[in-house]
Amino acid sequence: MSFEFGPVAACTVLLGLWMTGLTQLPSKLMLYALQTVTLGLLAIWVGKQHGEPALVAAGTAVALLKGVAVPVYLNRVVRRLGCRRDEGLLLAPPLLLFATAGALGALMLLHPFSRQIAPSALPTIGMLFIGMVLMVSRRLAVSQIIGFLVLENGIFFYTIAQPHSMPPVVELGVLMDILAGTMLAGLLTFRIRDSFEHIDVTELKQLRG
Amino acid sequence: MRFASILLLAFYLIHALTLPLLLAGVIQFSKSRFLNRQGPPLLQPFWDIAKLFSKGEIISETTTGVFRLAPIISIAVMLCTALMIPWLGVSAPLPGDLFLIIYLMAVEKFVTQLAALDAGSSFGALGASRKAAVSIAAEPAVVIALAALAAHAHSSSVSLFLATGPGSANLFVLLLVVAALWLAVTAELARMPVDDPTTHLELTMIHEALILENSGRNLALREFAAAIEMTVLFGLIARVLLMALPPFSPVTAYLLSLGLILAAGVALALMESILVKLRWRKIPSLLSFALTAGIIANLIVVLKG
Chain W
1 MSFEFGPVAA CTVLLGLWMT GLTQLPSKLM LYALQTVTLG LLAIWVGKQH GEPALVAAGT
61 AVALLKGVAV PVYLNRVVRR LGCRRDEGLL LAPPLLLFAT AGALGALMLL HPFSRQIAPS
121 ALPTIGMLFI GMVLMVSRRL AVSQIIGFLV LENGIFFYTI AQPHSMPPVV ELGVLMDILA
181 GTMLAGLLTF RIRDSFEHID VTELKQLRG
Chain L
1 MRFASILLLA FYLIHALTLP LLLAGVIQFS KSRFLNRQGP PLLQPFWDIA KLFSKGEIIS
61 ETTTGVFRLA PIISIAVMLC TALMIPWLGV SAPLPGDLFL IIYLMAVEKF VTQLAALDAG
121 SSFGALGASR KAAVSIAAEP AVVIALAALA AHAHSSSVSL FLATGPGSAN LFVLLLVVAA
181 LWLAVTAELA RMPVDDPTTH LELTMIHEAL ILENSGRNLA LREFAAAIEM TVLFGLIARV
241 LLMALPPFSP VTAYLLSLGL ILAAGVALAL MESILVKLRW RKIPSLLSFA LTAGIIANLI
301 VVLKG
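First to last, the protein sequences are chains W and L.
All the letters of the first sequence, read from the start, carry residue numbers 1 to 209 under our numbering.
All the letters of the second sequence, read from the start, carry residue numbers 1 to 305 under our numbering.
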C-alpha cells in the first residue's frame with residue numbers, strides 16, 4: 001500500500017474510537033457517516049490505484065448508501081423514538097474509551113494474530129473490535145445497530161486493505177443485506193418500544209403478549 | 001553570544017509582560033463582537049491592571065503570610081515557564097525540561113489553592129477543591145500529550161522535543177497532540193466548556209471562587225498570572241502546530257506564532273459564545289477524550305519506532 005493509506009486508515013479507526021466515548025446518538029451517527037464516507041472514498045482511491053473498477057463501484061455504493069442513506073434513516077428513527085442519549089452499560093463512556101484505547105494499543109503492540117493477518121490489516125481488526133465494543137457496551141437498541149454497522153465497516157475495510165479484494169458480487173450482496181438489515185432493525189425498534197414502552201435491551205428478559 | 005542571549009531574554013520578557021494582556025483584550029473584544037455588543041477597547045486589560053494596582057485592598061483577618069505571598073509566587077512561576085517554553089516561535093532563552101515545567105505549573109496551582117483556603121471563606125475552599133478535581137483529569141492529558149513528542153525526540157528537554165524541522169513527529173501525531181492540549185488547556189485555564197469566566201454564580205465557578213478574596217494589588221497579580229499562563233499555553237499549542245509545517249525563518253515563525261496565539265484567543269471567544277457550560281459530572285468525560293488522544297499519539301510514536 002502506498003503512503004496515503006496508513007493515515008486515512010488510522011483516521012477511520014480513531015473515528016470509531018471516538019464513538020465509544022459518546023453518549024449522544026445523533027453525534028454518534030454523524031461520526032459513523034463520516035467514517036463510512038471516508039472508507040468509501042478510500043475504496044474508490046484504492047480501486048483507481050489498482051485498476052479495479054468493481055472496487056470503485058463498491059466504494060461509491062458504500063459512500064452513498066451506507067454513508068448517507070443509513071445515517072439519515074437512523075437519525076429519523078432516533079428522532080421519532082425521542083431518545084437521544086445512551087448512558088451505557090457496564091462501563092461509563094470515559095472508562096470505556098480508555099479500555100478500548102488500551103485494548104487497541106495491546107493489539108497493535110503485541111500483534112497476536114501475526115501468523116494469519118498482515119500488519120497492514122491490523123487497523124481493520126481494530127475497527128472490528130470497536131464495533132463489537134459498541135455493540136456490547138450500550139443499552140439502547142439503536143446503539144447496537146450502530147455498533148453492528150461499525151463492525152460491518154471493519155469487514156469492508158479488511159477487504160479493501162487486502163491486495164486481492166472480495167468479488168464485487170459478494171461485496172454488493174453484503175451491502176444490500178446491511179441495508180435491509182438496518183431497515184428491519186429500525187422497524188423492530190419501534191415494535192420493541194410499542195410492546196415494552198422503552199428500547200432498553202437489558203430489560204428484555206421476559207416474554208410479553 | 002552573551003549579548004545575543006540577553007537580547008533573547010529581554011525579547012521574551014517584553015512579550016510575556018505585554019502579550020497576555022493584549023490577548024485578554026482580544027478575547028473580550030471578540031466575545032462582545034460575537035454577541036453584537038460594542039465591547040471595551042482592545043487595551044482595556046492594561047488599564048484594568050493599572051487601576052487595580054493603585055487601589056486599596058481589603059484582606060480577611062484570618063489570612064496569614066501565604067495569602068500575600070501566593071500571587072507573587074504565581075507570577076514568578078509563570079514568568080519562569082514563559083522563559084523556558086519556546087512559545088514565540090524562536091528558541092527559548094532558558095533551558096527547560098518537560099517535567100520541570102509541569103511541576104512548576106503544579107506549584108503555581110498549589111499555592112493558589114493554598115491562598116484560597118487561607119482566607120477562610122467557604123467559596124475559596126470550594127474553588128480550591130474544584131480546581132484540584134479538574135486538574136486531576138487535565139494534567140495527565142497535558143503530560144501524556146507532550147510525552148508523545150518527547151518520546152519521539154528521545155529527550156524530555158523542551159528545546160529538543162519542540163524543535164521544528166525535518167526530524168519532528170508526523171502530522172497525525174502532532175494533530176492528536178494539538179487536540180489533546182486544546183481540550184486539556186481550556187480546562188486547566190477554567191475556560192468555557194468547563195468553567196464560565198464571566199459568571200459569578202457560586203454554585204459553578206472555579207477560577208473566580210479561587211480569587212474571590214483577592215482585591216487591589218493581589219487581584220491584579222492573580223489576573224496577570226492567569227493571562228500569562230493562557231498566553232504561554234496557547235503559544236505552546238501554536239508551536240506544536242508550527243512543527244507540522246516545513247521550517248520557517250525565525251521572523252516568519254515569530255509572526256505566525258503571534259498570529260496563532262491571537263487566533264486561539266478568537267477561537268476561545270467563539271467557543272465561549274456558542275457553547276454551554278458542561279455539567280460538573282461531565283467534565284471527566286470531556287477530558288477523557290484529551291487523555292485518549294494523548295495515549296494514541298504515544299502509541300503511534302512507539303509503533304513507528
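Since the hints were made in silico from the structure, they are not lab data.
Please note: incorrect hints may appear among the correct ones.
[Said to hold, decoys possible] Okay, derived cross-link-like pairs now, DMTMM-like style, lysine to aspartate or glutamate, Cα gap no bigger than 25 angstroms in a straight line: (1) L:LYS277 / W:GLU87; (2) L:LYS277 / L:GLU139; (3) L:LYS282 / W:GLU87.
Please read all numbers here as calculations on a predicted model, not as lab measurements.
Going through the hints against the structure:
1. L:LYS277 / W:GLU87: holds (19 angstroms)
2. L:LYS277 / L:GLU139: Since the Cα atoms of LYS277 (chain L) and GLU139 (chain L) sit roughly 20 angstroms apart, the hinted pair holds (cutoff 25 angstroms).
3. L:LYS282 / W:GLU87: holds (12 angstroms)
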